[in-house]
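For the record, the sequence lines run as chains A and B.
Sequential numbering from 3 applies to the first sequence in my numbering.
Sequential numbering from 81 applies to the second sequence in my numbering.
Treat the hints with care, as some may be off.
[Said to hold, decoys possible] Keeping only pairs whose Cα atoms sit at most 27 Å apart, straight-line, the calculated DSS-like set for lysine-lysine is:
1) A:K290 x B:K191
2) B:K191 x A:K291
3) A:K316 x A:K335
4) A:K335 x A:K376
5) B:K191 x A:K87
6) A:K174 x A:K149
Hints listed in this document are in silico derivations from the structure and should not be mistaken for laboratory results.
These figures come from a predicted structure and were not determined experimentally.
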Amino acid sequence: MNRLTIATAMAVALGMSAPTMAQIKLADVAELSGPGATVGTNWKNGIDLAVAEINEKGGILGQKIEVTHADSQSNPGIARAQVQKALDGNPYVLLGPGYSGSVKVTASLAQQAEIAQIMGGEAAELTQAGNPYLFRTSFGQQSSMPKVARYIAEEVKAKSVAVVWVNNDFGKGGRDMITKELAKRNVKVVADLSTEAGQADFAADAVKVKNANPDAVFIYLNEEESARALKEFRRQNIQAPLIGETTLIGQKVIELAGDAANGAKGHVGLTTDAPVPAVAAFRDRFAKKYNYVPDHNGIKGYLSIYVIKAVTEKMGKVDPKGFAKTLHGMTIKPEQEPGILMEVTYDANGDIDRQSFMAEVVGGKQVVKEILPKMGN
Amino acid sequence: MLNLLNLVVSGLATGAIYALVAIGFTLLWQTSQTINFAQGEFVMLPAFFVLAALNVGLPFWAAVVVGMIAALVLLGVTFKLVLVDPMLRHGVLPLAIATMALSIFLKDSVKEFYSAEAQAFPSIVPEGSLALFGTQIPLQSIGVFVLAVAAVVVLQQFLARSSTGRQMQAAAQNPTVARILGIPVERMILYTFLINAALVALASLLITPIYLAKFTSGETLGLAAFIAAIVGGFNQVRGAIVGGVVLGLVDNLAATYVSTQYRGAIPLFLLIAVILWRPQGLVGRAEERTV
Chain A
3 MNRLTIATAM
13 AVALGMSAPT
23 MAQIKLADVA
33 ELSGPGATVG
43 TNWKNGIDLA
53 VAEINEKGGI
63 LGQKIEVTHA
73 DSQSNPGIAR
83 AQVQKALDGN
93 PYVLLGPGYS
103 GSVKVTASLA
113 QQAEIAQIMG
123 GEAAELTQAG
133 NPYLFRTSFG
143 QQSSMPKVAR
153 YIAEEVKAKS
163 VAVVWVNNDF
173 GKGGRDMITK
183 ELAKRNVKVV
193 ADLSTEAGQA
203 DFAADAVKVK
213 NANPDAVFIY
223 LNEEESARAL
233 KEFRRQNIQA
243 PLIGETTLIG
253 QKVIELAGDA
263 ANGAKGHVGL
273 TTDAPVPAVA
283 AFRDRFAKKY
293 NYVPDHNGIK
303 GYLSIYVIKA
313 VTEKMGKVDP
323 KGFAKTLHGM
333 TIKPEQEPGI
343 LMEVTYDANG
353 DIDRQSFMAE
363 VVGGKQVVKE
373 ILPKMGN
Chain B
81 MLNLLNLVVS
91 GLATGAIYAL
101 VAIGFTLLWQ
111 TSQTINFAQG
121 EFVMLPAFFV
131 LAALNVGLPF
141 WAAVVVGMIA
151 ALVLLGVTFK
161 LVLVDPMLRH
171 GVLPLAIATM
181 ALSIFLKDSV
191 KEFYSAEAQA
201 FPSIVPEGSL
211 ALFGTQIPLQ
221 SIGVFVLAVA
231 AVVVLQQFLA
241 RSSTGRQMQA
251 AAQNPTVARI
261 LGIPVERMIL
271 YTFLINAALV
281 ALASLLITPI
291 YLAKFTSGET
301 LGLAAFIAAI
311 VGGFNQVRGA
321 IVGGVVLGLV
331 DNLAATYVST
341 QYRGAIPLFL
351 LIAVILWRPQ
361 GLVGRAEERT
371 V
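Only chain A is shown next, with the shape it has when bound in the complex (with noise of 0.2 Å):
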């Protein structure tokens, strides 16, 4: 008898405590070193600076956030062993990773597991396999290309362009999307350079584009080998404007390459240095936990998170089959959801739509030029 109401008095104790001792789990697989060491600890900081955020409120329907970080090594056979340990222990939604070539292995096993998968990879590929578990965080290649070919053909109105890219998923797909942006308004590719990933020596690549003598260079490099390039481009005297995308004049670049940084230009998605209130709160708060300014994947983990509160607070419960249909065409505002920090739409293949921004680095700071609208007004 005695033993009869142990049992129930703790049945009923831990039946109790379960609704204040639920989580949400949240796994992370992300570059947390290996040459996309960069965007690993970004990322990770970003998703630790929300995941604070939220449960210092409360949490999310009231549940607190609990999010395990797995490091890549930026390593796609590593990112998908990470990823089958990480789905083993059912979260809620896997975050990551941020690489192209590690999401592309990864993709199916979150795909067969019905988890949604939040990731930082930009290749256009990604979102066009027909996957309706995977969401971008930023803008796919096809997305953010034509903008940048746009303004390489009609700003800096160049007839000719070297294009350096780096030989993995990112940079393959991005090279044959301004190929074929560039082509489609009349300008001529004098120069297709392939580097490899880690690259250390840009001697070559830059005597290269110097025999070349194009009128423009874009540059489609990981953050570190963006850094070198700009340094050994600006050592060989190259003149030509170089013209890239957010991994070319994020605030890891700029502080890398230092001077060699001022004067590149390109198309960032995301920026700390956006003409917009909350992205510059949110930069704050950042750089006071951190004692860094964040890059754009710094703001990309952050969102990923805002994200699945904005879902499961629409869907009224946490339901990790029900998350990627519930975000599926679904528009967050900031008014309904301050953390998301800009409008987002996702589309039916979990691509993004947010308005964007050309900028140019001046003085060792990236300024905005020019602020793009959402492709959807």
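Please build the complex by placing chain B on the supplied structure of chain A, with the hints as guidance.
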């Protein structure tokens, strides 16, 4: 043609760095039969010593001094006393494996205690460019080459002309006879480790502003210098110099005129060719051993 000049200068600068690191390989091998597979990480580490000193508020010149002293103590004295001396008693192979373990330990320690991200590093040579023969040559490449060559010349003069240098050579050539002649062989070997530490620290200061400071940055350098030492001749300091310069030039020219994708493979082809047709290296001395 004008751009070829740029490539040659850049290749010579890279080659001079390879030579500095490769000389360390040959010195350690000659005096103590040590093949240091952590040599690349020895180049990576001094830059982080300097960055750590900068972070505590020291001016750059003082941080460089701190970095050099830390390199001499940790990569010279401590490396010899804590790892090489105890392991060498068990033969060359266990020591080589121990240095591989040290390489992993150093990389992971920097990743854990400093950062996995690349860090910017100030240049000790002026940036900008110099107009020469109708083209712009980066001052940094010229500066790196000049400083590296100056270091090699000073080292060669020290080894050839000073009493200590000649004692070091004697200790390397025949330690038994050197001991009979009253040369303090152990001290001479320690000096070799200190010279190696100084060379890698200089290489670190010269290359890190270009390659950036990162825990993995020694991997490529270590391999390139090892290949350079074999190509030039592992048992000759001048072999390391020739190997380094040849490798730097071949690397840059191949990346431009052959293929960027295969640039990593071309030094290995060179290595295979040298091992097949001139195993003692381009300027090395043939050695015979009875088994």
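Practice problem: Assess, step by step, whether the Cα of K335 of chain A is no farther than 27 Å from the Cα of K376 of chain A, and give holds or violated. | Solution: Within the cut-off at roughly 13 Å; holds.
Quiz item: CA of K174 of chain A to CA of K149 of chain A, is that 27 Å or under?
Solution: Holds. K174 of chain A to K149 of chain A sits at ~18 Å (cutoff 27 Å).
Quiz item: Does the alpha-carbon distance linking K191 of chain B and K291 of chain A stay inside the 27 Å limit?
Solution: Answer holds: K191 of chain B to K291 of chain A is near 21 Å, not above 27 Å.
Self-check item: Proposed proximity, K191 of chain B with K290 of chain A (alpha carbon, max 27 Å)
Solution: It holds: about 23 Å lies between the C-alpha atoms, which stays within 27 Å.
Quiz item: Going straight from one Cα to the other, do K191 of chain B and K87 of chain A come out at no more than 27 Å?
Solution: OK: K191 of chain B and K87 of chain A at ~23 Å, within 27 Å.
Exercise. Sort out whether K335 of chain A lies within 27 Å of K316 of chain A, counting only the CA atoms.
Key: OK: K316 of chain A and K335 of chain A at ~13 Å, within 27 Å.
No hint from the list above goes unmet by this structure.
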